[in-house]
Each structure stands twice: as C-alpha cells, then as structure tokens.
Amino acid sequence: MIPIAHAGHVLADAAIFLVPVGSVLVTIFALNRWGPR
Amino acid sequence: MLSATLLGASTPPAGGAATSDVIYATAGAIVASVLLFGPILLYKLGRFPALGRLAEADGRITKVPGWAALPVTVLMGALLIAVFGMYWDISLHIDQGRDPGPLANPAHYFILAGLFGVLLAGVLGIALPDKPTRTSFQLAPGVHAPIGALMIAICGASSLLAFPLDDIWHRIFGQDVTLWGPTHLMLIGGAVLSTLGAWALHAEGEEERKAGGRSVARSARLSEVVIAGSFMVALSTFQAEFDFGVPQFALGLQPTLIMLAAGIGLVTARIRIGPGGALAALAVYVAIRGMLTLLVGPLFGEIVPHFPPYLAEALLVEGVALAYLRGEPAAERPITFGALAGLAIGTVGLAAEWGWSHVWVVNSWPASLFGEAAITGLIAATCGGLIGGFAGRALTPGVERRERIPRPALAVAGVAAVGAVAFLIPVNTGPGVRATFDLNVRNTSDGRVATGTFRLDPPGAAQDAYWFNLTSWQGKDGPAHIDTPQRIGPGVYRVTQPIHVDGTWKTTLRLHKGRELASVPIFLPADPAIPVSEIPVQPLMTRTFVLDHKNLQREQKADVPGWLTLVAYLGVGGISFALIFVVGWGLARLDRRGAGPPPAPASAEARGAKKPREGRRGTRPAPA
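Residue numbers (the working numbering), protein chains in the order written: chain A, 1194 to 1230; chain B, 373 to 996.
Since the hints were derived computationally from the structure, they do not count as laboratory data.
No experiment lies behind these values; they were computed from the predicted model shown.
Please note: incorrect hints may appear among the correct ones.
To be verified - For the chain B half of the interface with chain A, some residues (derived, Cβ under 8 Å), not all of them:
no., residue
1, S405
2, L407
3, Y481
4, L491
5, A529
6, V720
What the hints assert, rightly or not - Sample of chain B residues facing chain A (criterion: CB under 8 Å; computed from the structure):
no., residue
7, L475
8, F509
9, A512
10, L532
11, I797
Unchecked claim - Distance ranges between label pairs, derived from CB positions:
no., chain 1, residue 1, chain 2, residue 2, range
12, B, F672, A, G1228, 41 to 51 Å
13, B, G584, A, A1223, 55 to 65 Å
14, A, A1223, B, R586, 33 to 43 Å
15, A, A1223, B, F672, 18 to 28 Å
16, A, A1223, B, A390, 28 to 38 Å
17, B, D849, A, G1228, 18 to 28 Å
18, B, Q925, A, R1226, 18 to 28 Å
Idealized CB from N, CA, C, for every residue including glycine.
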C-alpha cells in the first residue's frame, strides 16, 4: 500500500510527466483562449 | 541494529526512487520543458523564425515538407538515443543488479532524454504546419496538427507517464527486475508505436509534395527506409531478455515474438516502400542492432545482446511479392499479400531462425520446443503479416484497393497474435525436482567459486529441457555467465565452468521444460533492502527447484492485496490498449481520408448536393 507520507513523493514523481505534457496542453488551451485569430 | 542500518545503506533501494532523486528529475523536466518547448511557442507566436528555416533546410535534404521532415529527424535521433540507453540499461541490470537510484545509472539519462525527444518531435510536428491537410486536426487557431505528429506526441506522453508509474509500481509491488514489467512495457510501447507516427507523418508530407506536382525524390525514399528499419528495431525490443540470454519467460515466446515482428515490420516496409523495401529496412535494422551490440558488449564490457537476423523472412517477403503481385503495387492487395507473406515467414522463416538459434543465440531452440513454437510462430507470423498489411495499406493513402477486406480481419489478427503470446505466459514449478550438489568451493583471485557435480531427482527431469543452465548474474565485477552443465550419467551433471558464489552474485541452476520454469538457488546474497537473507553455498547440499521468478525477482513483495494487483494491471493495461487504439485510429484516418491538401470548399450548388464519400481520392502511382 502507499502510505499517505508517500503522497508528496508520488506528486513530485508525477511532475516528470505532468510538467512537459501539461505545459503543451496549457499552451494549446491558451492559444485557443487568447491566441491570435 | 547499527549493522543492519549500515548494510541497508550499502545495498541499493528496492522499493522506488529516493525523494531527492525525484526532486532532481522533476527540476530537470522543468528546465528541459522550458528549453525545448519555449522556442516552439516563440516560433508559433512569430518570434523565432529560425525554427521554420531549420525545418525548411531539413525538408530540402529529405525532399518532404519541412513540417514533416524535422519532426521525423528529431524522432529518429531521439529513438536512437533511447534504444541505446535501453540496451545498455538492461545489460547493466543483468551484470550489476539494481542501481542505487534512477539517477545513479548513466543509461537512464539516455532513456529519459530519448523519450523526452519523442514528445518534442510530436510537439514540433504539431507546431510547424501553417496550413491544414486532409488528415490534420485544428487544435487551436493556426495550429493544424498532422495525424502523424499527434500520434508521436501521444506516444511520447505515454512513455513519459510510464516513468512515475514505474516508480509507484516499485513502491507498491517491489522492483520488478525484468523487461516485461507492466510499466516497462508501457514505456517501451510508446517509443515503439511512435515509429508508426513518424511513418504516417512522412506519408502526409510526401502526399502534400505530390499534390504540388512534384515526384518522390530518392532522399525521401532513403528517409523512409530509415523509418522502416527503426520500426524493425522497435518491434524487436520486446525480445531483449532473450537477446541477452537471461529470459524470465517461456522460451517459446522468442520465436513467437520474432515471427510477429517479422510479419508486421517487413510486410509494412514492402508495401509502403515497394520492391526491395523489406531488405532495405533490414539493412538499417542490422546496422543499428550491430552498433548497439558492439557498444554494449565489446566496448562497455557488459553482457552481449544478440539479435535475430530476419534475413530469410525479408527474402521471403520480397519473393512472395514477386510471385503473387507480378509487378502490381502491394498496396492494392495488402491484406492477401500480408497473409501470404506471413504464412511464408511462419514456416520457412521460422525454420531459418531455428537454424540461426544454433549459431548465435544463448539459449538455442531445441527440437522439443518445436511442437508449440511451430504453432504459435505460424499464428504470430500470419497475424503479423495481416497487421502489416493493414498498416502498409494505411500508410499508402490514395492507392486504389483491389480487394475487399472483411472488417473484423484486423481485430481477429490482433486478438490471435495477443492470444499466441498470452498462451505462452503462464508457467509453473513442475513436479518438485530436487538437485543434490557435490561442490568444490574455493577462494581464487576471481573471488569464491565452485565446481563439481550434481544429481537430479528424478534423473530424467532435464531430458528434453528447453533450457538447462547455470546462470550467474548481477555480480558487479563482470558480465553474467550462462553455462550448460555436461551430462556425465543418468541424471548426473558436471559444472563445466567455475561458478561465482560470493559477493552480490546470484547463481542458480535453471530448468525450463514445457510449462515448467523453475530454478534452484546455489548462492544468493543477503539483501537487507528487500529484505532477504543469504542462501549460502554448501559443498554438499540438496535443494528443491522453485518457481524461477522467486529466485530472479527476489525484490517482488509477497504481501500485496490481490485487488490492488488487479487494479494496477488493469490500469496500466488500459493505458496501453488506449495507446494502441489511438495509433490504430490515426492510421485508419490516414487510410480513410488520404493525405495532401484538403479539398477546396464546396460551392453553394455543390453544398446542396449529396456529400461524396471520404477517402479513395487522389490516386497516385504506388510503389510496385
């Protein structure tokens, strides 16, 4: 089982994936919302 | 207490990465994201035109539009880095065991950088086009993502997702010291399938070039051959445990996986590239795998990765094309061609690989394996040929099809191929064979080693075995050893080479026969991080064979609830199948819609008329 104490570790772990992929998704969202038409 | 702490400090952790490593890796991901994706965003905002000029320059060399050329070039480079890291990493784990942490193993940097590069290639491919194609998606105003680039990006994201999932997996279940851990397969699978994304992107670029009235240049063909060869390398990565000679799964999987890879890869290459395509792809495959073998084995001094030559299979694919197609494009009849080529691969090709296994494979394929491997190999090759037919057909949009294809054919081929592999996965301990050793254990300059003899009970336990060897691995001070004992009497065998029985060496006697995959420990070290005690060598000892995984994967935790295991496998399996679905959907979109520029907007009159069916537009001369 994953103890609660490991939650921070797991979050930091997930950032390896979330930072690059999230930045791409946020950019696409931002271009849709505020980008040049 | 103190000694236990010290011991713990000297053995690598077995249940996930240290938090400091995770923080460093996250910081690295942030810096890499800014450095790599920042310029792409600036380009999209019109503030970094140099990226566009770089893509155009690549396009001038490869003779496809820059938006297709540069991402494919980046992807090929990234995959080369990743696959080098992968084979080096496996060799390090076989020879040295667990590493002190994810950042303490130099090979991991190559894998991480390579997989980051896969995502980068996909994002580049999404950002570079400034106008739509028939297959592109508009993700935002001015962002027309080609289907190939989307496939690459999603594959890259999936592989990156496997990194944190792998660490979480290790924390829950313990480290799985095998290539075929679920998250390991997810990591590799993303990279493997990204090659199909590259091929789709190349096809999209080539179709646009043709729509502009320009012919396919020789350099574009060369670029495609590199993609095809990379696809063969990618398909072969699943066999890596067998290539190194320390497989943890049934031997029948090796011929089955080779047949599947040959069927899919070579048939796709022949259909898409034309005459000589299978052989050209093979040449690139041999060059890459040969380089990897030389680097990892002789140069780095680690255990040597072998590889199947696929030569007979490539010749068979070319031969079937000559005999069956008689000069017509393979893309016109890709499925029947794929099925026929698969049948040839699964029979004659399998026989050729069987012969090769006695030339340059650690665990050669015995005659006793033939019964099951002939069946699963034939199924895998035929299904692979069919899947290759579908993939090749999708990658050649605009070609007139001359055969009707039953809709469920692809699904049936996929299920049968997975079934052939899944059939071979379950193994058991067997009837509880026992081995009685009479060893001469002595100290040498090479450490503590043992020689001697042993007797099996029952004596015929190793008769017709698929493999029966002494494996010493993870000793840190040299490559792993796999030695076959010499039979000197009924059930009596002699150890032919001194075996390591000290330090971190793990030495077992392994027996695989039918569904039985078992081993008996001769020496296993204490490992406080797991924790397990030492299983010492004794000059005279009788030990019973246990399930091989128990000796090879001591890090696996035994006290994990069954429901958690089920949820974890379903979760990772679901992500992997979703990825396969996305790639299949992308290829189907390319097949259905064709490629090239979108059709001109319909006139007011035409809008009122019945909409023509999509696809089958813009036929082009296909490679014969």
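Verification of the hints:
For B:S405, the interface hint holds, the least distance from its beta-carbon to any beta-carbon of chain A being 5 Å, beneath 8 Å. Of the supplied interface hints, the one on B:L407 is violated, with its beta-carbon coming no nearer than about 11 Å to a beta-carbon of chain A, more than 8 Å. With 8 Å as the threshold, the beta carbon of B:Y481 stays out of range of chain A, its nearest partner Cβ sitting at about 13 Å, so the hint is violated. A distance limit of 8 Å between C-beta atoms decides the matter here; for B:L491 the minimum to chain A is near 6 Å, and the interface restraint holds.
Look at B:A529: its Cβ gets to within about 5 Å of chain A, closer than 8 Å, so that hint holds up. Hint status for B:V720: violated, given a least beta-carbon distance of 44 Å to chain A, over 8 Å. Because the beta carbon of B:L475 sits about 12 Å from the nearest beta carbon in chain A, more than 8 Å, this interface hint is broken. For B:F509, the interface hint is violated, since its Cβ never comes within 8 Å of a Cβ in chain A; the closest pair sits about 11 Å apart.
Contact between B:A512 and chain A, as hinted, is supported at the beta carbon level, the nearest pair being about 4 Å apart and thus within 8 Å. Restraint check, B:L532 versus chain A: the minimum CB separation of about 5 Å is within 8 Å; hint holds. Taking 8 Å as the C-beta contact cut-off toward chain A, the hint placing B:I797 at the interface is violated, the least distance being around 27 Å. For the hinted restraint 41 to 51 Å between B:F672 and A:G1228, the CB-CB distance of approximately 48 Å keeps it satisfied.
Taken as a hint, the range 55 to 65 Å is violated for the pair B:G584 and A:A1223, whose Cβ atoms sit roughly 33 Å apart. The hint said 33 to 43 Å for the Cβ distance between A:A1223 and B:R586, and at roughly 36 Å that hint holds. Look at A:A1223 against B:F672: about 45 Å separates their beta carbons, and that is not inside 18 to 28 Å. About 35 Å separates the C-beta atoms of A:A1223 and B:A390, a value consistent with the hinted range of 28 to 38 Å.
The hint said 18 to 28 Å for the Cβ distance between B:D849 and A:G1228, and at roughly 58 Å that hint is violated. The supplied range of 18 to 28 Å is broken by B:Q925 and A:R1226, whose beta-carbon atoms lie about 49 Å from each other.
When held up to the earlier numbered hints, the structure conflicts with 2, 3, 6, 7, 8, 11, 13, 15, 17 and 18 and fits the remainder.
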